[in-house]
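Trainee: Chains as they are written, first to last, in our numbering: chain H, 1 to 239; chain S, 1001 to 1218; chain F, 2001 to 2409.
What the hints contain is simulated information worked out from the structure, not anything from laboratory work. Computed from a predicted model, the values in this text were never measured in an experiment. We treat Cβ as the ideally placed atom computed from N, Cα and C, and that holds for glycine. Careful: at least some of the hints might be erroneous.
Unchecked claim - Among the chain H residues that face chain S by a calculated CB cut under 7 Å, a handful are:
no., residue
1, Pro73
2, Phe80
3, Gly130
4, Met131
5, Val160
6, Thr167
7, Leu187
8, Tyr190
9, Ala201
10, Glu208
11, Pro238
12, Arg239
Claimed, not checked - Calculated from the model, a selection of chain S residues having no Cβ within reach of chain F, i.e. all distances over 12 Å:
no., residue
13, Val1019
14, Gly1021
15, Arg1054
16, Leu1087
17, Leu1136
18, Leu1140
19, Val1204
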Amino acid sequence: MGFLGQVGAWLSNPSRWQGVDGIPNRVGEHLFLSGLAVGIAILIALPLGVLLGHTGRGGFAAINVANMGRALPSMALLAFALPLAFSLGLGLGFWPTLLAMIPLAVPPILTNSFVAVREVDRDVLEAARGMGFREWHVLSEVELPLAAPLIIVGVRNAAVAVVATATLGALVAGGGLGRYIIDGLALQEYERLVVGAILVALLAVAVELAFGIVERLAVSTGARADSAQRDAPETASPR
Amino acid sequence: MTPGEPLIRWDWIVRNLDVIGQRVGEHLVLTGLAVGIGFVISFVLSIWIARKPRLYALVTWITGILYTIPSLALFALLIPVTGLSLLTAEIGLVGYTLLILIRNIVGGIRSVPADVREAAIGMGYTERQLLWRVELPLALSVIIAGVRVATVTTIGLTTVTALIGQGGLGYFILEGIQRFFSTPLIVGATLSVLLAVLVDAALVLLQRQLTPWARATS
Amino acid sequence: MADRSPGHDALLTTGGRGATVELRDVSKQFGPAVKGTAGAVNNLSIEVPPGEICVLVGPSGCGKTTTLKMVNRLVEPTSGQVLIDGQDVQRIEVTALRRRIGYVIQQTGLFPHQTIGRNVATVPRLLGWPEERIRARVDELLRLIGLEPERVRDRYPSQLSGGERQRVGVARAMAAEPPVMLMDEPFGAVDPIVRERLQNEFLRLHRRLGTTVLLVTHDIDEAIKMGTRVAVMQQGGHLAQYAPPAELLTHPASEFVADFVGADRGLKRLSLMTVDDVELGRAATARLGEPVGAARARAGTASWILLLDADGRPEGWLSVGQLREDREITSELADPSSPIFTHETTLREAISRLLATAVQTGVVVDENGRYEGTLSLETVGAALRASAAESTNGAAVPSGAEPATERAQ
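So here's chain H without its partners, still in its complex pose (with noise of 0.2 Å):
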C-alpha cells in the first residue's frame, strides 16, 4: 500500500470525522479563531486607518507598522504572546494563539485602507466637496465606496496570513488543524501529519480565491476598474 492508500486508510476511519479530534471540529476551531482575530483586528485597524487616510495624517507611522509587521516573525509573536496571556491569567491554547494574531492582522488592514483612503482622486474629493456633500458624505459615498478594493485586499491579507499563523496554535497547546501537523510530527504519524498539512494549505487558498470572489461582487464597476490602474497591491508574507 503505498502512501497515499495510508492516507486514504486514515481519512476513511470514522473516527477521524467526529468528536474533538475529528476533522469538522478542528476546521471549526480554526476558522472561528481565525475569523476572531480578523474580526477584532478589523474593529482596531479599519475605523483608523480610514480616518488617517481622510486626515491625511500618520501616513508614516502608517506605513512604518506595517513594515513592522512583516518583520514580527509569527514565532515570536507566539513567543511573545504566551507569557503575556500567562501573565493575564489566561492560560495556554485559544487565547496565547488569539493574541499572537490579532499584531499580525492589524497591519495590512491599517495600511491598505489608509493608502486606499488616501489615494482617493483629489479632484474627486474637490468636486463632491464642491457640490456640496458634507465631510461624512464625502467619506460614506466617495471615499469608501472608491477605497474598498484596496481595503478588501488588506482584509485578505491579514486573514491569509492568520489562517496560516493559526495553525502554530498548537504549539501552545491551541486547537485547529495544527493539532495534526504537531502531533503528526511528535508521534511521526505522517499520514496524520499529510492531512493536516493539505487542509490548512487548502484553507489557506480557499481564504484567498473566496476574497477574491468577495471583492467581485462588493466593488462597483468604476472602482475596480480604477483599482487596477494602482500597483499591485502587497501580498500578505507567508506564515
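Since the structure of chain H is provided, determine the placement of chains S and F on it from the hints.
Mentor: For chains S and F alone, coordinates are given in the frame of chain H:
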C-alpha cells in the same frame, strides 16, 4: 513562566552566549542559502519570462499559491518525501522567496522608461547589451527592494524550521514553549526581529552604494 | 555656445560630412492590410541631399515618426527601400547601421544611471574607440553644446535642467560623428524660450558639421525655421508636398498644405527673410559732443536725429525740437528705446519687436555694432505685400481657401 519567575533571566543569557551565537549563525546560513538560491532561480526565470506576459502570469500564479500555503503546512507536506532535513527547510524557504523576487525583477525590467529603451536600441545596443547595461542597472533598486522583502520574510520563516530540527533562532522559541521558560522565548523572538532589521538596513546601504544616480538630484 | 579653442575644428570636420538619404517607394502597414491606421506610411519617396535638414511635418498619426524609424530600422518597411549613400539599409547589419546614425528623441532617452560623460560616450564605446579618444571627444562635444565639461561630466541626467538634458541628447547622438542624424521632436519637451534657443544652437552647430538631418515635428513653425527641405505628410502616410520652406509658403501644392501651413503663411514667410533681404532706410545722424547747430542743419526736415558714439554705435534718438542751441549733444538727451537689429534678424522678429516697443523705426547695425541703416514698419510692410503678391500669383490654392482651423495637436 512559573509565578514569581522574572520574565528574563539574564544569567541564562550570559551562560548561553555561545549557543546564542551558534543559533544566530545557523539562522543566517539558512536565510542566506534560501535567498541566494531563490535569487538565482528567480533571476534566470525572470529574464526568460520578462517579455512573455502569459508565461509571467502563469509563473506568478503558481508561485502565488505556493506563497499562500502556510509554512508549517508546506514543511509538513515535504517531510514524507525529504524527511526532517535541511533540504526540506530550504525547499520551503526558497519557494517563498520566488514570488516577491520574480515580481520585482520583472517589474524592475519593465519599469525602464520606454524612451531610454528606444534610445538604447536606436543607438545600436544589442538585446544582450540592452539587458545588462541598461535594463538591469536601472531595475537594480526595485530588485534590491525585492531582495529586502524576501530576506526579511525568510528570516521570519526560518524561526519555523526549528520545528523540523534545522536549528536557527526558532530553537529558543520552541525550547521556551516546551520548558515553559520565558527567557529563551524572548531571546529567540527578539533576536530574529533584530536580525531582520539589521539585515534590512544593510541591504538599504548596499542599494545606496549600487545606485548612486538615485541619490543624485540637483 | 561656449567659445571653442581652434584645435577642435579639425576633429569635428573629419567625420562630419553628411550622407545622402533616400526613401524609395517606402510603405509601412501595421496589422494585416489595414490601410489608414495611425502611423502607416504609403508609397513615400524622398531624397535628402548631403548636409541638408529635411523636416517631416504633419498632424499626429500621419506616419512621420514611422518614416523616421524606417531609416534606422526601428521599424522595418512593408515594401520599398531606404538607401544611405546608395546603400540599402536592409543590407547593413542592424546594430552597425544604428551606431552610424545619430538618434535624438523628445524625452531624450538619456540613461539615468550613467553620468553625462558616460551617456555621451555611449556609441563611441559601442564602437570600441580607445578611452583616450572617447574622453577627448566627450569634452569637446560638451563644450560644443555649451556645457562646461568640468561641471557636468560627472553628473547624472537628473541633476541637469530640461534644456541641458536635451543638449546632452544631441551631443550623445553626434558623438561618433554620424553622417546622418534622426531627430524625433527633439525640442518638443522644453518650454518655448528654451526651445527657441536650442533650435538656434542646433542650426549653428549644423552649419559647422554638415550632417544630414531628418527631423520630425508637428510644429509647422519649427519645420519652416529648421528645414532646408520640408516634407508635409497627411493622414494615411501620404506625402502632401516636399519642398524648401519658402516654396511651401508661396506655392502650397494642395489645400491640405495651405491649411496646414496656415492662413498667416505670408507672415510666416517673413521668418524666412532677414534684414539683409530689404533695402535699409537712412537717418540723419549726429556725433557725441557735436554742436547742436551742425546737427540741426543736417537733420533738415526730419524731427529725429540718430546719435552715434565715437565708434559709430547708436546711442539713441534725439528729438530735434528739444535740442537747445547753446548746448553740446550729450548721451542723456538720447532716447535709447529703439530696437537694434543685425543682418541676421528675421523680418518676423523685427516687426514683432517694433510693435512691442511702440516705435516706427529700428536701427540696423553691423557685426561690430556700428550703425548701418534703419528699418521701419513701412519697409517691412512693403516686403510683406511683395511676399503676399508673389504668393497669390503662384499658389495653386483656390481663392477663398478657409483659414487653417485644424492644426496639428
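Trainee: When the hints from earlier in the document are held up against this structure, which numbers fail?
Mentor: 3, 4, 7, 17, 18
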